[in-house]
Amino acid sequence: KGSKDKDPLFEPALNLFTCLAVCHSVQVTQKGTTNEPSFSGMSPDEVALVQVAHEVGSSFCKRVRKNAGNSEVVLNGPVESERRFTILYELAFSSDRKRMSVVVRHKGSIWCITKGADSVMEPLLSTPFSEACASDLSTFSRQGLRTLIVGMRVVEKAEFEAWNAEYVAARNLIDNTKDEQMALVAAKIETGLKFVGLTAVEDRLQEGVPETIESIKQAGIRLWVLTGDKTETAVDIARSCRLFTSSTVMAYATQADSSKDAEQKMLEAHSLLDGEGDTGLVLDGQTLLHALSSAECRKLIYELG
Numbered sequence: 695k696g697s698k699d700k701d702p703l704f705e706p707a708l709n710l711f712t713c714l715a716v717c718h719s720v721q722v723t724q725k726g727t728t729n730e731p732s733f734s735g736m737s738p739d740e741v742a743l744v745q746v747a748h749e750v751g752s753s754f755c756k757r758v759r760k761n762a763g764n765s766e767v768v769l770n771g772p773v774e775s776e777r778r779f780t781i782l783y784e785l786a787f788s789s790d791r792k793r794m795s796v797v798v799r800h801k802g803s804i805w806c807i808t809k810g811a812d813s814v815m816e817p818l819l820s821t822p823f824s825e826a827c828a829s830d831l832s833t834f835s836r837q838g839l840r841t842l843i844v845g846m847r848v849v850e851k852a853e854f855e856a857w858n859a860e861y862v863a864a865r866n867l868i869d870n871t872k873d874e875q876m877a878l879v880a881a882k883i884e885t886g887l888k889f890v891g892l893t894a895v896e897d898r899l900q901e902g903v904p905e906t907i908e909s910i911k912q913a914g915i916r917l918w919v920l921t922g923d924k925t926e927t928a929v930d931i932a933r934s935c936r937l938f939t940s941s942t943v944m945a946y947a948t949q950a951d952s953s954k955d956a957e958q959k960m961l962e963a964h965s966l967l968d969g970e971g972d973t974g975l976v977l978d979g980q981t982l983l984h985a986l987s988s989a990e991c992r993k994l995i996y997e998l999g
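Quick note, the sequence shown lines up with residues 695 to 999 if you use my numbering.
Treat the hints as calculated values from the structure; they're not laboratory data.
Heads up, none of these hints are tricks.
In the DSSO-like style, the derived pairs of lysine-lysine whose C-alpha atoms are separated by at most 30 Å in a straight line are:
#	residue 1	residue 2
1	K954	K993
2	K924	K954
3	K924	K993
4	K851	K760
5	K924	K888
6	K760	K801
7	K872	K792
8	K801	K882
9	K882	K792
10	K888	K792
11	K756	K792
12	K756	K888
13	K911	K993
14	K756	K851
15	K725	K756
16	K954	K792
17	K924	K792
18	K851	K872
19	K760	K792
20	K801	K756
21	K760	K725
22	K801	K888
23	K882	K924
24	K924	K911
25	K760	K872
26	K872	K882
27	K801	K851
28	K888	K851
29	K882	K851
30	K882	K760
31	K851	K792
Being a predicted model, the structure only gives us computed values, none of them experimental.
Go ahead and model the full structure; you've got the sequences and the hints to work with.
Pasting the structure below:
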């Protein structure tokens, strides 16, 4: 907690922690006689980010349901005893979107706050990642941390009204294109964002996971780990849960740009791993997408897995 008159980092830090305290689906209750907030939610990462915002003074203290169907997120501190944000829309996270957004009204202005995976967030920013940001992302990924990019922008009234009408029309569709159209319209407001910050959260394993995976492998059972993380983070997680060990011979099939390229990478992996005992194969989503469209690649995946 500091003074905006003394520290040049105060405003950027306040902006980041305000975004983290507003853009989420976390619930809060007050516990004990101290009224200390207790946060809960479906995503442990979201809970952790809201908790750290609280600890540095930008505290999510309540969510108030309003008559119009909207809700109001109320924050305490650090420069004002109470700040209110009306949630006009929550654009939910999905495995396809890899991001979530809230469209909020605060003191007469409309904000779009978005947080998501760096691979989808960078194209939505008004400027590319700085060298420092790209370096931090790489470092955090190697450490096995789950990263998010946070961005936001102020939305002009006329733009919001036009977008709002289009989104309501998409939401009112009753055919099988509804979800697709809602996602397309949602993406229109999530553009030209200003980079606000980068978060990194430790991805802790449940107790007993490494020992369980080790036992499954010893029983001769094939094991796959599916994750939405960056390749470096996924490999680190595989090591921490003992799917990969120091003796594992590893092959990578990544960044394929066609089915033919994916097949070539799979053949190279097959050649490298053939005849080895403890082996591991790393596939990224892009390569897997191309590989699954090829019967030969599917056969290679089965043989290698």
